[in-house]
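The listed protein sequences derive, respectively, from chains A and B. Going left to right, the first sequence walks through residues 1 to 399 as full-length UniProt numbering numbers them. Going left to right, the second sequence walks through residues 1 to 231 as full-length UniProt numbering numbers them.
For the record, the hints were derived by calculation from the structure and aren't laboratory data. Among the clues, some could well be false.
As the list claims (entries may be wrong) - Listed next, the in silico DSS-like pairs over lysine-lysine satisfying Cα-Cα at most 27 Å (straight line):
1. B:K133 with A:K160
2. B:K48 with A:K38
3. A:K317 with A:K146
4. A:K38 with B:K133
5. A:K384 with B:K133
6. A:K38 with B:K79
7. A:K91 with A:K395
8. B:K17 with A:K38
9. A:K160 with A:K146
10. A:K20 with B:K79
11. A:K38 with B:K10
12. A:K23 with B:K133
13. A:K91 with A:K112
14. B:K10 with A:K20
15. B:K79 with A:K23
Unchecked claim - Far from chain B by the CB rule (all over 10 Å, computed), these chain A residues:
16. P36
17. Q44
18. G261
Glycine included, each C-beta is placed from N, C-alpha and C at the ideal position.
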Amino acid sequence: MKSKSGLTRLHNCYILRNSKIIKEDLWIRDDRIEDPEKVFYEEQLQADITVDCGGLLIAPGFIDIQINGGWGVDFSFDSDNVEEGIRKVSKELLTHGVTSFCPTMVTSDVEKYRKILPLIKQTDGGPHGATVLGVHLEGPFINLAKKGAHMEEYIRIPEKGIQTLTEVYGSLDNVVIVTIAPELPGATQAIRELTNLGIKVALGHSTASLAQGEEAVECGANLITHLFNAMLPFHHRDPGLVGLLASSTKRQVFYGIISDGIHTHPAALRIASRTNPDGLVLVSDAVAAQGLADGNYRIGPQLVTVEGVHAYVTGTKTLCGSTSALDTCVAKLKQSLDCSMEYALEAASLHPAKALSIDHRKGKLNYGYDADFVIINPDTLKIKSTWIAGECVYKCDQF
Amino acid sequence: MYRRLIEFYKEGRISFKYVTTFNMDEYVGLPRDHPESYHYYMWNEFFKHVDIDPANAHVLDGNATDLVAECTRFEELIKQAGGVHLFIGGIGPDGHIAFNEPGSSLVSRTRVKTLAYDTLEANKRFFGNDISKVPRQALTVGVGTVMDAKEVMILITGVHKSLALAKAVEEGVNHMWTVSAFQQHPQTLFVCDEDATLELRVKTVKYFKALSDEHQKMIEDVPVEEQRVIH
Chain A
1 MKSKSGLTRL HNCYILRNSK IIKEDLWIRD DRIEDPEKVF YEEQLQADIT VDCGGLLIAP
61 GFIDIQINGG WGVDFSFDSD NVEEGIRKVS KELLTHGVTS FCPTMVTSDV EKYRKILPLI
121 KQTDGGPHGA TVLGVHLEGP FINLAKKGAH MEEYIRIPEK GIQTLTEVYG SLDNVVIVTI
181 APELPGATQA IRELTNLGIK VALGHSTASL AQGEEAVECG ANLITHLFNA MLPFHHRDPG
241 LVGLLASSTK RQVFYGIISD GIHTHPAALR IASRTNPDGL VLVSDAVAAQ GLADGNYRIG
301 PQLVTVEGVH AYVTGTKTLC GSTSALDTCV AKLKQSLDCS MEYALEAASL HPAKALSIDH
361 RKGKLNYGYD ADFVIINPDT LKIKSTWIAG ECVYKCDQF
Chain B
1 MYRRLIEFYK EGRISFKYVT TFNMDEYVGL PRDHPESYHY YMWNEFFKHV DIDPANAHVL
61 DGNATDLVAE CTRFEELIKQ AGGVHLFIGG IGPDGHIAFN EPGSSLVSRT RVKTLAYDTL
121 EANKRFFGND ISKVPRQALT VGVGTVMDAK EVMILITGVH KSLALAKAVE EGVNHMWTVS
181 AFQQHPQTLF VCDEDATLEL RVKTVKYFKA LSDEHQKMIE DVPVEEQRVI H
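Excised from the complex, chain A in its bound form:
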C-alpha cells in the first residue's frame, strides 16, 4: 500500500466528505486529491494503481494544534537537540494518524525561546514525519492567577504589545499561534498586531471576563486554549471566556478541548459541543510523557509525574497536559458526546484546519486538497495506515 505520484484509486472504502461518510473511491495523484470525473473526461486516464481498502474508512489526517512533546521529547526544554526532538515526535505521530501539528512551547525563559524557536521550522510532512505547521507559543503572556503548570518566574506582561513579544520570543517567523491572557496590560494591542501578521491568537491561562474576551475576539483572536482549563469557571452573571461559545460576536470562535477523559468532564464536553458545535477543536496537549511508561519526566523546566493516564506536576495534583494522542481523543470524544463519527473526526481535522485558516487545503477530502489522510477501522477507530501528500507514510502491521 504505497504510492506517490501516478494516479491512484483507493477503492472499496468509505470516505468522509462534506461532513458525511459515503461509499466512494478516493483518487489521488502526486500530493493532491483528484477529481476522477475530470480525469476521466478530460485526460481520459485510468488509475495507474488501485488500492483495495477492505471496506475501511478514510478520513482527513488529524491536525494537532497543541502538543508539548512526547516520547520523552519536550519541545520547551530540550534546546540542545531541537531538530532531533521534532523529528522523533513527528515520526511517532504518524502512528496516531496525525499528519500535521503545531509543536507547542509553554512559558519559558528568554534564552530558551531564542535557542529553540528558530530551529522549529515549518516543514512539509512525509515518510520522515508529520507536517510541522508552525509553533504554538503558550505563554509567557498569561495570568499568574491561572498559571496552571507554567513557571511563575517566567510569566510576563505584554506591556508594549508585539514589541514586548518580540523582545521575549525573538523572531515570530516560525510561529502560527500565540496563547495570551487578554486582560493583561498591552494584550489587546498585541492581539491586534499578531492578527495583522497572520498569527492566530488563542485566549487562555486567563481570568478574563466575557467582555474582555469579546474585545479580544473583535481584535482578531479566534481560539480559546483548552477550554474550561486555566480560566474562570462559568458564572451566570459573567460567563468569562467560556461565555465566548455563545457570545453575540459574529466571528466563529474555536476552542481547544482535551478529551482525554480527565481534563474535561463528559458533561462539560457536551455543554461546549452543543453550544458551539463548529468550534470544537480536539487537541492532545500531550507532554513528553506521552508514549512513555509511568515515572518522572520534565515539562519545560518542571518535573512531571505520570501515573497511568494522568500527568501531574510532581508532588502535587495539578494536571499539566495529557498523555493521550489525538486518535485516542477522537475515540473518547465520540464516546463522551455520543456524537456521530463524522463530527468526532472533523473535530480533529476540519475544525483545527478552519481555526488556522488552512481549510482551503487541509482538513477535508475534497478535490484539490492535500492528500493527507488516515485509513481507519470505523468501529474501533484503530489506524490502519497514514498518508501524507499522497504517500503512505505509516502502515500498522498488526491490523
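Following the hints, put chain B in place on chain A, whose structure we already have.
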C-alpha cells in the same frame, strides 16, 4: 440497467475494456459536474464502476465553444468507430428519442436542439423547481443517427409512457412521436413492462405475447447478423 451491467461486471461475467460508448445527448451550458448533466450521471452511475477505457467513452460536450463543430465531431467519431452496433435508449412520455422532441426531422443528424416547453416543465424538478434554470438547448444525436445503428433497443416502463408506446407501434411513422421512426428500422426491440402496455389494444398485446416465446427460442445463440433474417 446500468446497475445490472455493473453487477455483471463485478461478477466477472462481462468487461467493458473493449467497449466504445456514445451517449446520445447532453444539455448545453450545464456545468459538467451538475447532477443533471449526463457527464455527471454517466460517471456516477456507470463509468466509475466498470473498466471502460476513458478514451472510448464519448459524451457530447454541451460546453464546447463551437457547438456545431462538436456535433460534427461526434458524428465523425461514430463513423470512425465503425458505426453503432447497439443503441439503447428510453423515451419521453411524448415519444421523444434522445432529445429529438416532437416535430424533429426523422432523418436528422447530431445537432443543437431547442427543448420543448413540456420538457422544460418536466425537468424543472431537477433544477430547484425553477424553470428559468432549466437549460433550453441540448446537443443530441439525430433520429437518422440512431436509425443507422445495427440494432436498437428501447426500454419503456410505466403508465406515463403507455401512450407513447401505443403511438410507437400501433400508428404510422410520425415525426410528432419520433420513436415511431423505428418501425422502419430492420432490427429494433422494444422492452416494456405491463404498465407501459395500458394504452395498447388488447389484441396488440396478445399478439406480441403469443409470439414472444417462439421468437426468443429462434434468436437464442444466433449472431446479430443472422437475427436480421429470423423474425
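Status of each hint after checking the structure:
| no. | hint | verdict |
| --- | --- | --- |
| 1 | B:K133 with A:K160 | violated (57 Å) |
| 2 | B:K48 with A:K38 | holds (12 Å) |
| 3 | A:K317 with A:K146 | holds (15 Å) |
| 4 | A:K38 with B:K133 | holds (24 Å) |
| 5 | A:K384 with B:K133 | violated (46 Å) |
| 6 | A:K38 with B:K79 | holds (26 Å) |
| 7 | A:K91 with A:K395 | holds (12 Å) |
| 8 | B:K17 with A:K38 | holds (20 Å) |
| 9 | A:K160 with A:K146 | holds (22 Å) |
| 10 | A:K20 with B:K79 | violated (44 Å) |
| 11 | A:K38 with B:K10 | holds (24 Å) |
| 12 | A:K23 with B:K133 | violated (30 Å) |
| 13 | A:K91 with A:K112 | holds (24 Å) |
| 14 | B:K10 with A:K20 | holds (26 Å) |
| 15 | B:K79 with A:K23 | violated (38 Å) |
| 16 | P36 | violated (6 Å) |
| 17 | Q44 | violated (4 Å) |
| 18 | G261 | holds (42 Å) |
The structure fails hints 1, 5, 10, 12, 15, 16 and 17 (numbered hints given earlier, in ascending order).
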